[in-house]
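Trainee: The listed protein sequences correspond, in order, to chains D and B.
Start counting the first sequence at 59; every next residue gets the next number (my numbering).
Start counting the second sequence at 0; every next residue gets the next number (my numbering).
By construction, these hints were calculated from the structure, which means they are not laboratory data.
Incorrect hints may appear among the rest.
Said to hold, decoys possible - Covered stretches of chain B, as calculated for chain D (at least 3 residues, CB under 8 Å): (1) 82 to 88; (2) 138 to 151.
What the hints assert, rightly or not - Okay, derived cross-link-like pairs now, EDC-like style, lysine to aspartate or glutamate, Cα gap no bigger than 16 Å in a straight line: (3) D:LYS72 - B:GLU121; (4) D:LYS76 - D:ASP155; (5) B:LYS101 - B:ASP45; (6) B:LYS160 - B:GLU41; (7) D:LYS76 - B:GLU121.
To be verified - Which bits of chain D does chain B cover? Going by a derived footprint, with three or more residues having C-beta under 8 Å, they are: (8) 73 to 87; (9) 122 to 129.
Every residue gets a Cβ at the ideal spot worked out from N, C-alpha and C, and that includes glycine.
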Amino acid sequence: MSNFYAYVREIAMKEYRKWHPSDEVLEMMYRLIAVVVRDGADTLTITPSQILESTEGIVTETADIADHERTCEEWKAQGRGGCTSFRDAMSLIYQHDAQVRQHFQLIEATPEAAIYRIISEPPDQGAL
Amino acid sequence: MPLIILALEGPEGLALGLAAEAAEGAGAAEGVFIGYHGTDLESALDIMRRGVTDEFFGANFSSLQLGEGFYVAEPTANGLNAARTFARVAARETRSSPAILKVYARGFENMVGRDVPSALWEQVPGNFVTKFDYLTAPIKGLEYSGQIKFNPQTLQSLYTKLLRR
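Bound conformation, chain B alone:
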């Protein structure tokens, strides 16, 4: 399964990769692997220790493409490249080390998502946040990778593991 996911990049890769992971993870006690979150090591350890909370809502960016929530790059090689890029910049800012978190969602197979067209980036309608569990779109400026943004009401379904390389 991972080989298939790695072969599919971009938004198609995100959709198919997530579907494949959902099928693989359905019924398992563990959550479904969603993708990667790149940050500095201290923040990564903080997220692992305290869980994903609203304190980790894209704090480093002046605008949030898909609104408030927790942003994850797609579970592909390109998604990993995007997460690494975010992590390395964050590490330079905090004089720390870069870190990548693998993000998992429990009950993902029952969640409802929506793709957000570019015309609505940074001005996502409020009902997109309340009506859906997550939103998807390419990452602006790094459109080789898709992303999934979990809306605030779904955060308790998420957990993370440090990617060790």
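Bound-form chain D, shown alone:
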């Protein structure tokens, strides 16, 4: 499974430009995918304000994304482009990256949250 961590860190973050223009939010989302795999979490939840890692129903880590997601929404409401939300970034990755689909399973998508079950194991210490 450490191969998946290495794939995300070393290959996916470069290869995604074959299916999407370069985008720093997409890259940050890949980096967060690597983080949750490294941490051994079993669930990734993206809400309009946070990205949560949890294990057996207990939230173990959070990243506050509220400022970005809100500003992005306001920007889009003005009819302007060039802003990617983290939720959309994960959705795009899930749609285009077969390796991510193999290790993450979308189990719920509501306006409040997108929830992915992680079918992966943390990388070997040597891979970090």
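With the hints as your guide, set chain B onto chain D.
Mentor: What follows is chain B alone, placed relative to chain D:
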């Protein structure tokens, strides 16, 4: 002055905000406030301790939108939002705390910059780096904020302070 800058977001905000800050800072011993750099706390302290060097050239990204240099989000509320986002992701990666640096440039009023059109992102011509002191563009994926990238030859003009909130 800060109220005016905060009211202007996006690339226009960057240009006008920087012009206003340059006018305000001209002749002052201190440099001009340029904007925000978001990172994890250890990296922020490292930058403050050692100064801005080529070791801090967008190390976390697979491609550099405006080429090698030191990237700063615009001095507006939206720029601060962008820097916070970068900082929070960096902090999760390093299991650290997020940190925002306020970036200042000495002699900014004498520097020459250039806006880089999207067609040249990630393939900035070499003379853009040698001929200009800094380059500007919206941040790809976070285009609600502009950014200014200082070219390597200008790094010694930069200094930073930790944003305390």
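Trainee: Does each hint fit the structure? Answer for all of them.
Mentor: A quick look at each hint next to the structure:
1. Interface restraint, the region 82 to 88 of chain B with chain D: holds (5 residues with C-beta to C-beta distance below 8 Å; minimum three).
2. Judged by the Cβ-Cβ criterion of 8 Å, the region 138 to 151 of chain B is covered by chain D as claimed, because 6 of its residues qualify and three suffice.
3. Taken as a hint, the D:LYS72 and B:GLU121 pair is honoured in the structure, with Cα atoms around 13 Å apart against an allowance of 16 Å.
4. A C-alpha spacing of about 11 Å is found between D:LYS76 and D:ASP155, which places the hinted pair at or below 16 Å, so the restraint holds.
5. Only pairs whose Cα atoms come within 16 Å are accepted, and B:LYS101 paired with B:ASP45 is accepted, the gap being roughly 14 Å.
6. Restraint check: the Cα-Cα separation between B:LYS160 and B:GLU41 comes to about 14 Å, which is no more than 16 Å; the hinted pair holds.
7. Using a Cα cut-off of 16 Å, the hinted pair D:LYS76 and B:GLU121 holds, with the two alpha carbons roughly 14 Å apart.
8. Note: the region 73 to 87 of chain D has 9 residues with beta-carbon separation from chain B under 8 Å; the three-residue rule is met and the coverage holds.
9. For the region 122 to 129 of chain D, the proposed coverage by chain B is satisfied: 5 residues have a C-beta within less than 8 Å of a C-beta in that chain, meeting the threshold of three.
Of the numbered hints stated above, none is contradicted by the structure.
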